[in-house]
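Numbering (our numbering), first residue to last: 1039 to 1149.
Some clues are possibly wrong.
Heads up, simulated DSS-like pairs for lysine-lysine below, C-alpha to C-alpha not over 27 angstroms straight-line [as the list claims (entries may be wrong)]:
#1 K1063 - K1106
#2 K1103 - K1063
#3 K1076 - K1063
#4 K1117 - K1106
FYI, nobody ran anything at the bench for these hints, they're computed from the structure. Note that the structure is predicted; figures quoted are calculated from it, not measured.
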Amino acid sequence: MFRAPNDIIKHKLHTHTFNKVCNFKTHLQKSHQMTPEKMAPYLPPRSRQPYQPQWCSYQGCDHDKVFKLRSAYKMHAMKVHGVDEVGFLALEITNDGEGANEGPDEDIDDD
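The whole structure should be built from the sequences, with the hints applied where relevant.
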């Protein structure tokens, strides 16, 4: 389920509600002293693994470079393809499939 950045995030740990807009992972570490292993079940699947450089998976995109940074990939998707946050998350899900990161190694795009 997608949450907008300003949505209230609620969870039930130690019987309280977290309702501040900040990094959820940081909140779990500071407020609950959780290690990465213990917090994994509370995090969305895409944040459990580090970002891997990937090609743009937008249908018909002829961009021939690999995006080394998630922010660069997101900016490309929003500027070139006009996708919003939900659309970008869908692109990331598409890239989670087999072969999503295959391609030549020489053209890596940082921006």
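Going down the list of hints, with the structure as the test:
1. K1063 - K1106: holds (22 angstroms)
2. K1103 - K1063: violated (31 angstroms)
3. K1076 - K1063: Holds, at about 11 angstroms.
4. K1117 - K1106: holds (17 angstroms)
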